[in-house]
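Undergrad: Sequence:
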Amino acid sequence: MPLQPAAALRRCASCQRWSGARAPGSEPLNVSIESEQASGLCIDGPWNGSERRARSACGKWTLWLRLESGAATQGAAPAAGETTPGQGR
Numbered sequence: 122m123p124l125q126p127a128a129a130l131r132r133c134a135s136c137q138r139w140s141g142a143r144a145p146g147s148e149p150l151n152v153s154i155e156s157e158q159a160s161g162l163c164i165d166g167p168w169n170g171s172e173r174r175a176r177s178a179c180g181k182w183t184l185w186l187r188l189e190s191g192a193a194t195q196g197a198a199p200a201a202g203e204t205t206p207g208q209g210r
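For what it's worth, this note's numbering labels the leading residue of the sequence shown as 122, then goes sequentially.
None of these hints come from the bench; they were simulated from the model. Just so you know, even glycine gets a beta-carbon here, dropped at the ideal spot from N, CA and C. Keep in mind that a hint or two might mislead.
Ranges of calculated distance between the beta carbons of each label pair, as one might list FRET restraints [as the list claims (entries may be wrong)]:
| id | residue 1 | residue 2 | range |
| --- | --- | --- | --- |
| 1 | S171 | P149 | 16 to 24 Å |
| 2 | G170 | E148 | 16 to 24 Å |
| 3 | P167 | S147 | 17 to 25 Å |
| 4 | G170 | S147 | 17 to 25 Å |
| 5 | S147 | S171 | 24 to 32 Å |
| 6 | A178 | E148 | 29 to 37 Å |
| 7 | C179 | Q158 | 12 to 20 Å |
| 8 | P149 | G170 | 13 to 21 Å |
| 9 | P167 | A129 | 28 to 36 Å |
| 10 | S140 | G180 | 28 to 36 Å |
| 11 | R187 | S156 | 26 to 34 Å |
| 12 | E148 | N169 | 29 to 37 Å |
| 13 | G170 | A142 | 15 to 23 Å |
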């Protein structure tokens, strides 16, 4: 069964910079991943080009664009001062 970590935790799974396999979760601002060991490359972040697990974190997290519609309905927004990379997922 897929896991659905919340974007509020600010982990790689919900970050725009992470390239791992995921999908928007069934609840707003949640991400569906196959397991806690899911991994993907960090793109344009402080770990650029490094493989990172879904539950990893860093100080440059920015909300995955596919979750923004949930953020609008929940009153959440990306971290202040954060930018999104030019690549979409």
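Undergrad: Each of the hints needs a verdict: does it hold here or not?
TA: Okay, the hints, checked on the actual structure:
no. : hint                    : result
1   : S171 - P149: 16 to 24 Å : violated (29 Å)
2   : G170 - E148: 16 to 24 Å : violated (32 Å)
3   : P167 - S147: 17 to 25 Å : violated (31 Å)
4   : G170 - S147: 17 to 25 Å : violated (32 Å)
5   : S147 - S171: 24 to 32 Å : holds (30 Å)
6   : A178 - E148: 29 to 37 Å : violated (20 Å)
7   : C179 - Q158: 12 to 20 Å : holds (18 Å)
8   : P149 - G170: 13 to 21 Å : violated (31 Å)
9   : P167 - A129: 28 to 36 Å : violated (21 Å)
10  : S140 - G180: 28 to 36 Å : violated (19 Å)
11  : R187 - S156: 26 to 34 Å : violated (20 Å)
12  : E148 - N169: 29 to 37 Å : holds (30 Å)
13  : G170 - A142: 15 to 23 Å : holds (18 Å)
In this structure, the earlier hints numbered 1, 2, 3, 4, 6, 8, 9, 10 and 11 are contradicted, and the remaining ones agree with it.
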